[in-house]
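Undergrad: Respectively, the protein sequence lines represent chains W and Z.
The first sequence begins at 1 in this note's numbering and counts up by one.
The second sequence begins at 1001 in this note's numbering and counts up by one.
A hint or two may mislead.
[Stated by the list, open to error] To give a feel for the contact side, a few chain W residues facing chain Z, derived at Cβ under 10 Å: (1) V45; (2) S77; (3) G79; (4) R130; (5) L149; (6) D156.
[Stated by the list, open to error] One-sided excerpt, in silico: chain Z residues whose CB lies under 10 Å from chain W: (7) L1024; (8) H1047; (9) V1056; (10) G1060; (11) G1062; (12) A1068; (13) I1075; (14) L1084; (15) A1110; (16) R1111; (17) E1119; (18) E1124; (19) V1128; (20) N1140; (21) Y1151; (22) R1158.
Simulated from the structure, these hints should not be mistaken for lab results.
These numbers come from a predicted model, not from an experiment.
Each residue gets a CB set at the ideal place from its N, CA and C atoms; glycine is no exception.
Protein chains: 2
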Amino acid sequence: MNRTGLPSVRRANPDDARAIAQLLYDFNHEFDEPTPRVETLEQRVVHPLRGGDTVVLLIGAGPDGLAALRFRDAIWSCGLECYLAELYVIPARRRNGLGRALMEAALHQARNRGADTMEIGVDEPDDVARHLYENLGFSNRSGGGEGPLMYLYELDLRN
Amino acid sequence: MNRTGLPSVRRANPDDARAIAQLLYDFNHEFDEPTPRVETLEQRVVHPLRGGDTVVLLIGAGPDGLAALRFRDAIWSCGLECYLAELYVIPARRRNGLGRALMEAALHQARNRGADTMEIGVDEPDDVARHLYENLGFSNRSGGGEGPLMYLYELDLRN
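Generate the whole structure from the sequences, applying the supplied hints.
TA: Next comes the structure, spelled out in structure tokens:
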């Protein structure tokens, strides 16, 4: 616990692979996404945890939630781009500020590493997440909130 | 020219840095975005062209357009993620299929490198680009077009 009464956020290392795999499995399962088994995910998780471009943040003793950040060089400027790939808190620990604590740690981590921007793809009905991101200053309008709506388009190349 | 009557698409190399910088400058200028000088952009462009995670495709003799692709390892699967960072055709050459030719080459490039997905951030009023992406199978709804709208959220961390 820190002085806010919330569990501290810590950066995951390869020893956390199993716990991360379990959270990811639960995440996919909750939202009816197809998911590999926990053992398969555990093997996959080790690689990004060892690489330099991915940071996973964990919160709580379970752990009870995670944020996954990807970093890369910006192509036309000198800084880094940061992408929030995942944000998840287990159902039993929701509405307790854990998501916000993870996001604040994620922003701190991104700024410390020299990221100029953070981007997130969010589904329209995901009101809780959208409210959190907007509360932290994110906008789905370009130009820092003054411009038009920004959509995320995707194509599955395996089809 | 290839058999479609369109100029061929080719992959840029560091010798194209000046031409790419000019296209990027024109792009920013046209859309009233702040932009560094062409000389500054030229210096910055060389680095991503040498790195392994960025591919710039060029079309036309000018060249008259570009597509910039970023690649990275997916974190929870074995493939790559591809992000279309830029797509630009100079005003004088629009409505001639150059954007589509660039996109088809981009999809070919992404599949060849083993990307599982391609993502694009698009402003809502950008009808021409959205129509092109949708025509190629992209959707701004998750689940391959069946699910909810996907927004792109962004925060400038330098403020």
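Undergrad: Which of the numbered hints above does this structure break?
TA: Hints 10, 11, 19 are the ones this structure does not satisfy, whereas the remaining hints hold.
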